[in-house]
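Read off the chains here:
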Amino acid sequence: MTAVDVHAIDGKLLPPDARFDVVVVGAGAAGTAAAIAAAAEGATVLLVDENPVRGDLIGTDVPLFYGGRMTAAVQQPARMIEQIVASNPALETAIEAGVDVRLGTAAWGLYVNGPAMRALPAPMLGIADAERATMIGFDRLVLATGARDLVLGFTGWDRPGVMGAQGFAALLTRYDALASRRVLIAGSGALALETALLALAHGIAVLGIVEVAEAVQGPSALAERVGAAGVPLFLGHTIVAADGGIDGVDRVTLAAVANKRQVEVYCDTLLLAIGAIPATELLEAAGVAPGETITRVGDCASVVRPDPAYLQAWSAAVGRHAPPETIVCQCEAVARADLIGVQPPRYLDRPVAMAARSLSSLLNDGPAHPDQIKRLTRAGMGVCQGRRCREQVACLLAEQQGVPLDRVPVATVRTPVRPVPLGVLADWQESAAMTAGWDVWFGIPTQWTPYAIIGTPEEAEHVSGLGGTMHV
Amino acid sequence: MSEADTPRGASVVVIGAGVTGLSAAWWLARSGIDVVVLDKGIVGWEASGRNGGGASHYQSPLFAEEQRLWPQMDDLLGYPTEYVRERIIIQRDPALLDHYRAVGRMCSAMGYRVDDLDSRQAQAAVPLTDETCLGGIHLRFGGHANPQRTVQAYAWALQDLGGRILQHCPALAIATAGGRVVAVETPRGRIACDALVVAAGPQSGMLLAPLKIDLPVAAARAEMIVTEPAPMMAIGGVDGNGLYGRQTLRGNLAFGGGPHEWIATAPDGPADRPVSPLARNLARRVAEMFPKAARLNVIRSWAGIVENTPDGRPILDRLRDPGNVTVATMSGVGFGLSPASGHAIRDLVVDGVCSFADIAKLGLARFATLEPDWRERRGWAA
Ligand SMILES: Cc1cc2nc3c(=O)[nH]c(=O)nc-3n(C[C@H](O)[C@H](O)[C@H](O)COP(=O)(O)OP(=O)(O)OC[C@H]3O[C@@H](n4cnc5c(N)ncnc54)[C@H](O)[C@@H]3O)c2cc1C
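Sequence order for the protein chains is D and R.
Once you know that position 170 of the first sequence is 170 in this note's numbering, the rest is easy, because the numbers rise by one and skip nothing.
Once you know that position 134 of the second sequence is 1134 in this note's numbering, the rest is easy, because the numbers rise by one and skip nothing.
Don't read these hints as lab results, they were simulated from the structure.
Some hints here could point you the wrong way.
As the list claims (entries may be wrong) - Dumping the calculated EDC-like pairs for lysine to aspartate or glutamate here, alpha-carbon to alpha-carbon at most 20 Å: (1) D:260 to D:214; (2) R:1292 to R:1130; (3) R:1361 to R:1321; (4) R:1361 to D:56; (5) R:1292 to R:1093; (6) R:1361 to R:1376; (7) R:1292 to D:56; (8) R:1292 to R:1131; (9) R:1292 to R:1118; (10) R:1212 to R:1005; (11) R:1361 to R:1115; (12) R:1361 to D:214; (13) R:1361 to D:458; (14) R:1292 to D:131.
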C-alpha cells in the first residue's frame, strides 16, 4: 500500500516562471559576447546583470568591496543604467540580436536536483530585480559572473577608502562613480599592476605598490609600464594601518617586513589587489560543478585564486601589525581576538569558563571548519554574507593550525547568494498544493499528543481534533 | 593525542554528537562516569546545529524537566546558550487563530499558562506586525535558544568534566560478545565500552540493524531562512502564520516551516543538504507575519536532516538484548527537549529507568508489529 504524504514537498514546487534556451549571468564583456553568440545561433537568450547594484548593497560591499568610495551617483538608478549601457556598447548589439537583457537583476540562487532533492520540476535560476523574484528555466546556463575581491583586515580597513581592485574597477569603468583621486595599491601581481595602469589611464595618481615579497609578482612587461610611470615600489613591505577622518582614509602606514621600519603614504584610497576570487557563489551554494549544461566564461572561469602560500604570507605579515581588537568581520564586529579566542559576540556575557577556550583548544578536538567558527563567533554571519571576511578567517585558521591554506575549507556559501528583501524573494503566487499542504512541521498528528493521553480513549479525539498543525 | 593511536575505551560510548548524545554524555559525566562521544563529523553538524531553537514541547513527558532545566543551563554548562523564556504565536488567518487558541486552552489545562492576545495586544507585543495580525497566544512557558551555541556548550561542559569527544570518528559497526555490546569499530580502531548509547540521528537505524534491532526511522530534509537583523522585539520567540522560528539575540529573523522532503540516508550520513525554492514560500510567510520587516534582506537559507519514527514520537529505550544498549531518537523534535532527554538517557544507562518521568510509552516495543512497508503506507518513502 502506497500513500501520499500531503505535507511532503513533492509536486508543490512550481515549474519556472519563464524558460530560455540559454541564460547568461553577468553582462560584462564575456557574458555579453556569449549571449550574442547564442542568439546568433537562434537560441532564446536571457542576459541578466545585477548592475546597477542597489545603493544600500554597495554600502555593505555587496557584491564587491566598494569600500565607501562611491559618489552619490550610485543612488540614482536611472543615471546608473544609462552609464552601464554606455560603458558596454555590446549591450546594444545584444538587444538588437534579440537577447532579453535585464539590468539591475541579480541571480541569487541556482537550484538543481540531486540525491537529497528530487522535488524540482526543472533546474532553475532565481533572479530578482528591485521589485520581484522570478524563477527561470534553462537548457544552458552560462556564468559570466566575474571575480570578487579578496580582503584582508588591518587597523582601519573598515574606513571608507579601503577597497578592492574589483570594486575599484566597477566604480570607475562601469559606474563612473568613483571618488578616489590618490591611491596606494597592495599587491604586485598582474591584477595589481593592471589596476595601477587603469588608475593612471583615468588620471588617478598611484602613490605606490606595496608588496610583502621582495620582488614584483606580476609579468615584467606590466611591471615595466608601471615603473615607467614612476610609481614607487614598496617591496618587502606590509600594511600597518589606514588612518583618516570623517571622509575616510587620508594616509596609510606601511612597515618593512624585515625590520618593521614604518613609512606613511598620504592617499585617499588603499586598493587591495593581492588577488581575486572567481565569483562562483551560485555553483558553490548549489553544490554543483560546471559541466555541459552549466558553463563558465570570462573571469569567473579564468581567474585563479592567489597562490595559497603567497596569500598566507600576506595574511601573516598583516597579522603581525594587527592588534587584537582589529576587526575581522565588519558586519558582526568580530575582532581578531574574538576569533582566535572563539569568543561569543559582545551582546552575550562571557562566562569565566570561556577564558579557557580558544581556537587552539577547539583545534585539539580535530580540524576545525570555518562554519564552526562562524557559529561561535558570528564572523561571516552578516549582511555582506561573509564576502569581506571569508578568506581572512580561512587564513587565520590555517595559521593557527600551522597548515597550508589549501588544507582549510572555506566557509559555506548559502543561497540566496545576494541579499534579497523578504518581500522581493517572496513567492506571492505559490502553487495551490503548497498552500493546501503547508504545515508548520511534519504534519504528523500523533507527534503532538500530550503524553498522558497516549493510549487512552482521549487520544483519538485529540488527534482528529487538533491534527498535525500543533507546533508551539 | 596522536591520530595513529586507537582512542582508549570508556565506560560508556555515545554514538552521535548532536544535542541528544552530547546532553546524555554530559549527564553521565556529571555522575562521574567515564564517557566518550563519537561523531562522524563536527559536533552539532547535523540537525542539532541547523534547527529553529524552539523549546516549548508541552506534549513530551520530558517537558516539565526541560522547563526546570533550561533557565539554569547557562550556569550548569558554564557557557551561553542564548536561552530566552516565553513565546508568542500570532496569526492572520481566523481558522489558525482559533486552532492556536484551542492549543492555548489545552496547555493551560495542563498547567502551562497561556494568555490570549487580541489584535491590539498582539501588535503591541510584536512591533514588527501590523493590523493584519488578528491576534495570538502568549505562552508564559517554553522559550528558545541558539542551537549552535547550545551544542558547543554541551560539548565544552562535557570536556570540562573529563568527558571526551572524538570528532571525525564515525562508528562503523557495533561489536558484541556474549549478548552484550563490547566495543564500537571506528576507522581509528576498536573502542571498548561497558555500555553504549546510540544517538546517531537518521543513521541510528542503520547502525542497529546488524544487531537485528529494528529502529524504525525515516529521514527527511527541512529548510529554514534567516534575515539580516531587525530591531529587537521584547519577546523574540515569535512565530505563527505557518512558521516556527525566532528572532535571534542579534536581531535576525530565523524561520522554517512547510513541506519536507523524505530522503534516502547512507550510513556515512547525507552527502549534502540542499535547499529548494521553498525559501520563497518561507519569505512570503515571514513578510506576511512581519509586514514591517518585509524590506529586510534574506541572507541565507539552509537545510537539515531529521529522522521521524512512525508515530512521530521519540524512542528512548534501554534495550533488553543486548542489555547494555540505550537508543535515543527524538523524532524531529529534539533540540528543546535536550536538557531533559540527556537526563533520561543517563538514567536509562545507569539505573535502567528514568528517574523523573514515566517514559515507558516511548519504548521501542510499541513498534514490534510494525508493517515492513510502514514508510510507503505513510508516503514517507524516499
Ligand atoms: C530545520 C530544522 C528545524 C528544527 N526545529 C526544531 C525546533 O525548533 N525545536 C526542536 O526541539 N527541534 C527542532 N528540530 C529537530 C532537532 O534539530 C532534532 O530533533 C535534534 O537536533 C536531534 O538531535 P540528535 O542529537 O538526536 O540528532 P542529530 O543532531 O541528527 O545528531 C546525530 C549525530 O550523530 C552523528 N552520527 C550519525 N551517524 C554516525 C556514526 N555512524 N558514527 C558517529 N556519529 C554519527 C551525526 O554526525 C550527528 O552529529 C529541527 C530540525 C531541523 C532540521
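Any hints this thing doesn't respect? Which numbers, in order?
-> Violated hints (numbers, rising): 4, 6, 10, 11 and 12; every other hint is consistent with the structure.
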